[in-house]
Amino acid sequence: MPTNTLKGHTFEVNDEGFLTNRDQWSEELAAELAALVDVELDDAHWAPLRFMRQDSARTGVTPTLRRLQTVGGFDVKELYRLYPGKPVKMMAWLAGLPKPVGCV
Amino acid sequence: MRRVLILGAGTAGTMLANRLADQLDEGWTITIVDRDDDHHYQPGYLFIPFGTATAKRITKRRSRFLPSRVAFVRSGISRVRPDDNEVDLDDGQILGYDWLLIATGTVPRPDLTPGMGDGSLWYRKVFDFYTMAGAVALHDGLARFDGGRLLVHITEMPIKCPVAPLEFAFLADDHFRRRGIRHKVDITFVTPLDGAFTKPIAARELGNLLEDRSIRLATDFAVERVDNDHSRLVAYDGRELPFDLLVTVPLNTGQQYVFDSGIGDESGFVQVDPHTLRSTRYDNIFAFGDATDLPTSKAGAVAHFAVELFGDNFQAAIAGKPLPNAFDGHANCFIESGRGEALLLDFNYETEPLTGRYPLPVVGPMRLLGASRINHWGKLLFEQLYWQVLMRGRGLPVPTLMSMAGKHKED
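Protein chains in written order, with my numbering: chain A, 1 to 104; chain B, 1001 to 1411.
Mimicking BS3-like on lysine-lysine, the simulated pairs with C-alpha atoms at most 30 angstroms apart in a straight line are:
#	chain 1	residue 1	chain 2	residue 2
1	A	LYS77	B	LYS1199
2	B	LYS1056	B	LYS1160
3	A	LYS89	A	LYS7
4	B	LYS1407	B	LYS1199
5	B	LYS1199	A	LYS86
6	B	LYS1160	A	LYS99
7	B	LYS1125	A	LYS77
8	B	LYS1160	A	LYS77
9	A	LYS99	A	LYS89
10	B	LYS1060	B	LYS1160
11	B	LYS1160	A	LYS89
12	A	LYS86	B	LYS1160
It should be emphasised that the hints constitute simulated quantities derived from the structure, not laboratory data.
Assemble the whole structure, with the sequences as input and the hints as a guide.
Take a look at the structure:
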């Protein structure tokens, strides 16, 4: 596994740049990662990231968009506004979680 | 008398009933509940639309596969009351239990996507194939379809048998080729994930399969609704995919009584310890197979391997001792890849599908994560093993926990 360093943070990532150890994540690191893609994290951005951290700590898997909607109470269109394009993938990356996957 | 109550007489429930009938002495009663007496070989749904299986062939009576000492109660389930150790049935009966084993699977919920189940095109141009009714209706839908845009679509994960939609796309390619109309059909595989194959080694090995068969791919597609007026699948990000035939896998949830009883998560899946399958909230409840929130595939193989490990654990649970066996999330499955070939996968919680050989006695080593004819025969043969071996409560000569034997390990 490659190891990355960013502004004093050291963390292991997979080939796609997703953290492979959720314990190496911090809110400061998330903010630095977001800056790499020109996103400034405000409260609206933080809410789904914090939900994903808490939810995945309990379930062991990255929550789906639908779970963010039905369990987290987030509006899907709002998530697309906050994180245009591929919101779940981007939020998983920022939250230090694996991207959602199938079995193959 | 002590009482075991099994909810659901499908793959997991039937295996449990047979195992427990052998294991428990005369001091126990075993009762199993299901709403009907029709046991479907669910992997067969995939073949019904293409006419290579029929409803009649893949349906047998549940009661045929239940031992005589097991009482079979035919009713729907309305509620589990875990604090009272009782289950209310739709027919008004109340069944008490000392131990409750939940194996009621998952249900497709087309009603949870606007315009899907409640749309005017449902079972006219929009079909599922995860139910007998859907698979049979799609058989006619496919026969009527003589060209145009076919979407093969997954609403959201998790779904039962996660590779079945891919298999459907491959078999549809074959089907249209055989009918001589493949050039008139545009097939697109639509997924909420970021690829058809999301595990690195599978993506590397199988990434070209869709392209080789001229199947388009639409990724990261979070469906918002089905537009019935214009026959379009609409995503939250504004993308609209027109279709002449939409084959969708609706959102999968647990059964309604799981929601109503407060014994599951927000999707109606029973929360269990991933290694023992014991409810995280009630010590005398275990859940199996698709009905659980296990972070592995919803597949019969998972139910089978977990049931194999349950016997010793149940004896320990009865005695109030720690449970000795830990399930590893082991799953394996054949994936029809079309053209008379199939792929074989073998994986668990920790290990993604790898290449190599799967050492099977008698039929010989089978190729992992690559297409072969023998894998296809294996898939066909499996239907007989399902009824004659697994549903009789016997084991298959394969390791219960995932083995690395024959697999090519990668860093």
